[in-house]
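S.K.: Okay, here's what each chain looks like letter by letter:
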Amino acid sequence: MPGWHAATKDVRAKGDIQFLGIVQEQHGDRAKLFMQWKQMGWPIMVDSLNLLGVTVVPITLLIDENGVIVKKANRASAVGEFLARPAAERTEIDRIAPDFRAMMAKAKSARDHRTVGDAMFLFGTDTRRWDAAIEVYRQAIKLDPKDPTARFRLGVTLRRRYETETRRGTDFGAAVDAWREALDINPNNYIWRRRIQQYGPALAKPYPFYDWVAQANKDITSRGEVPTALSAPLTDSESLSKKPFVAQNEEPENPDPNGRIDTDEKRWIRIESAVAPAMGRSDPALRVHVVLRADDKRKIHWNNESEPLRIWFDTPAGWKINRSLSVVANSTTATSDELRRIEVELQPPANSTVARLRGYALYNVCEGAGGTCRFLRQDFVVELNAAR
Amino acid sequence: MISLTLITALLSLNPAAAAPLDQATATSDWAFPSVNLDVGQQLPNFALPTTASDGPIHLYDLLDGKKTVLHIFASW
Chain A
1 MPGWHAATKD VRAKGDIQFL GIVQEQHGDR AKLFMQWKQM GWPIMVDSLN LLGVTVVPIT
61 LLIDENGVIV KKANRASAVG EFLARPAAER TEIDRIAPDF RAMMAKAKSA RDHRTVGDAM
121 FLFGTDTRRW DAAIEVYRQA IKLDPKDPTA RFRLGVTLRR RYETETRRGT DFGAAVDAWR
181 EALDINPNNY IWRRRIQQYG PALAKPYPFY DWVAQANKDI TSRGEVPTAL SAPLTDSESL
241 SKKPFVAQNE EPENPDPNGR IDTDEKRWIR IESAVAPAMG RSDPALRVHV VLRADDKRKI
301 HWNNESEPLR IWFDTPAGWK INRSLSVVAN STTATSDELR RIEVELQPPA NSTVARLRGY
361 ALYNVCEGAG GTCRFLRQDF VVELNAAR
Chain B
1 MISLTLITAL LSLNPAAAAP LDQATATSDW AFPSVNLDVG QQLPNFALPT TASDGPIHLY
61 DLLDGKKTVL HIFASW
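Note that the protein sequences, when read in sequence, are chains A and B.
For what it's worth, this note's numbering labels the leading residue of the first sequence as 1, then goes sequentially.
For what it's worth, this note's numbering labels the leading residue of the second sequence as 1, then goes sequentially.
The reader is advised that the hints may include incorrect statements.
Said to hold, decoys possible - Now the stretches of chain A that chain B is said to cover, found in silico as 3 or more residues with beta-carbon under 8 angstroms:
hint, region
1, 32-44
2, 101-114
3, 140-147
Unchecked claim - Over 12 angstroms on every C-beta distance to chain B, these chain A residues come out as not near it, computed from the model:
hint, residue
4, L61
5, I220
6, V226
7, E238
8, I261
9, A387
In short, the hints are calculated from the structure, not lab data.
We put the beta carbon where it would ideally sit given N, CA and C, even for glycine.
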């Protein structure tokens, strides 16, 4: 794409031709950052739901004045011939938008409900659209459990809600589950597969998906610009290279084996988890994402003048883990309330694919400004299923 | 059954409030159109959000009657 951009600089400057992108991306601002990095200023439509139904990318099309596809092109040299074509006579094209109330009133089939979900995702104007779209997609799946498209779009919408204030702690995990179910029904959609691989284990990575982000931020900053902020911070899994699962050599010391640290009974910290599988592989592995959020309603914050956050996992019998103990470094300020996350990978034994992963977090937190500070423990459980 | 919460949300969602859609006709027949990417096919006037807008924009508002190179891609 940058090659096309450079090769057509002059004709674009003259206004003879324009560029338009449609990106297949969960988070559109990733594409916005990419375009800023490559200094490509043309408009980008964001097709998170894969409404175009494409199964591969990239696709480059030459479009005439009436929106008719003239050629599928692999090389920028095709533009010269395209520009020499006489201009097509323009026709007027209608614009339509959904009437939610009327659509819902007549929705009967699974497809009707899926369409209402699409409409809400695209045209809804407040945060409740995610709740509404999720419920309608779920209704579509109930009516037609074999529809993989509704499941994929449900996953996209759950993951989108997860980045908003209306999130449920289970949204990320439920999104991954919905994508897995879509792929179980139709394993051939490359776009859908990439979405789950984005969060999956290293051995299932075709390549690092977003390893360019760090360089992009650096280059943009060095130009004196402010890089596009990402609404969903990158998870570690999104920048990983493909590599085999490697179990830890030796188990580190369990920091609280007998549970002597006081339990966080008031749930000052909320712990969320999601498990992304390596789809379609004979050597299964799982990547477990654990997210910790300080309860902002009670003004809970991390106490960074104490020991850092630690997370311990008891490896299920027969399973292997790459890291039993994770430590999250404190922020440089005395207190902070940022989201904290860790990721670990596990591999099941040959004779079992299901297990319950028990873990706990140890953290130093304070309540309110100048309020009580405590060192607390919170236990949690993550359900593992490598057969998924 | 769809829940009361959803119905309430539905009634409060107003697509006409999105600025780029001022000239769009709201209809119960809306569906994202089937898109055929074969040579010779005319693209339907679908609407999608853009990296510069929260609300959806119709394709033909971006094509604007000009010859266009359309890239369908991913940044991963």
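S.K.: Against each hint, give a clear statement of whether it holds in the structure.
M.R.: Hints, one by one, checked against the model:
no. : hint    : verdict
1   : 32-44   : holds (count 6)
2   : 101-114 : holds (count 6)
3   : 140-147 : violated (count 0)
4   : L61     : 5 angstroms, violated
5   : I220    : 14 angstroms, holds
6   : V226    : 15 angstroms, holds
7   : E238    : 8 angstroms, violated
8   : I261    : 39 angstroms, holds
9   : A387    : 26 angstroms, holds
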